[in-house]
Amino acid sequence: MRLWLKTLISNRFFQVSAGILITMVIGGLVIQVLETGEITEGDTPFWWAIVTMTTVGYGDYSPSSPQGRPFRNNHHVYWYFIGVFTYRFNIFDICCSEY
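Residue numbers for the sequence shown follow numbering that gives the first Met the number 0, beginning at 0 and rising by one.
If you are wondering where the hints come from, they were derived from the structure by calculation, not from laboratory data.
Don't be surprised by glycine CBs; every beta carbon is placed ideally from N, CA and C.
Careful: at least some of the hints might be erroneous.
[Claimed, not checked] FRET-style restraints, in silico, Cβ to Cβ: (1) Lys5 / Tyr86: 19 to 27 angstroms; (2) Leu7 / Asn72: 32 to 40 angstroms; (3) Pro65 / Val15: 28 to 36 angstroms; (4) Gly36 / Thr6: 43 to 51 angstroms; (5) Asn72 / Met0: 42 to 50 angstroms; (6) Ser61 / Phe13: 25 to 33 angstroms; (7) Leu7 / Ser64: 33 to 41 angstroms; (8) Phe45 / Arg11: 23 to 31 angstroms; (9) Asn73 / Phe45: 13 to 21 angstroms; (10) Cys95 / Asp59: 39 to 47 angstroms; (11) Met0 / Thr35: 16 to 24 angstroms; (12) Gly36 / Asn10: 18 to 26 angstroms; (13) Val76 / Val32: 16 to 24 angstroms; (14) Cys95 / Glu40: 44 to 52 angstroms.
Taking the hints into account, I'd like the entire structure generated from these sequences.
If you want it as structure tokens, here you go:
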């Protein structure tokens, strides 16, 4: 069991998938805390986070409160920084790995 878990955690695909999932959950939680109204009902904030992260633009819902609009407007900036760090670590792994 430990070997399986250690292998899973060291798997690059698992690391990236877990990072994306964690970011989606955090995005949904932030919107749920900052917003009021229809977007906070049920799993709608998490739906909004998934749609925002996987497509250009928004789905059926969009944050509209003064607290939620800055997060909505800057959500793509967070993804930019995540992409830059992921790219940096992948290039480092490629350059420094033993063949």
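Structure-based check of each hint:
Checked against the hint of 19 to 27 angstroms, the C-beta distance between Lys5 and Tyr86 comes to roughly 26 angstroms, which is consistent with it. For the pair Leu7 and Asn72, the supplied restraint of 32 to 40 angstroms holds, since their beta-carbon distance comes to about 36 angstroms. Separation of Pro65 from Val15 is about 34 angstroms and conforms to the stated range, judged on CB atoms against 28 to 36 angstroms. Between Gly36 and Thr6 the C-beta distance comes to about 45 angstroms, which sits within the given range of 43 to 51 angstroms.
At roughly 45 angstroms, the beta carbons of Asn72 and Met0 sit within the given window of 42 to 50 angstroms. Between Ser61 and Phe13 the Cβ separation comes to about 32 angstroms, which falls inside the hinted range of 25 to 33 angstroms. A hinted range of 33 to 41 angstroms for the beta carbons of Leu7 and Ser64 is consistent with their spacing of about 40 angstroms. For Phe45 and Arg11, the hinted distance range of 23 to 31 angstroms is satisfied, since their beta carbons lie about 25 angstroms from each other.
Hint check: Asn73 to Phe45, Cβ distance near 19 angstroms, so the stated range 13 to 21 angstroms holds. Separated by about 45 angstroms at the C-beta atoms, Cys95 and Asp59 satisfy the suggested range of 39 to 47 angstroms. For the hinted restraint 16 to 24 angstroms between Met0 and Thr35, the CB-CB distance of approximately 45 angstroms leaves it violated. At roughly 40 angstroms, the beta carbons of Gly36 and Asn10 sit outside the given window of 18 to 26 angstroms.
Checked against the hint of 16 to 24 angstroms, the pair Val76 and Val32 passes, with Cβ atoms roughly 19 angstroms apart. Between Cys95 and Glu40 the beta carbon distance is about 48 angstroms. The supplied range of 44 to 52 angstroms therefore holds.
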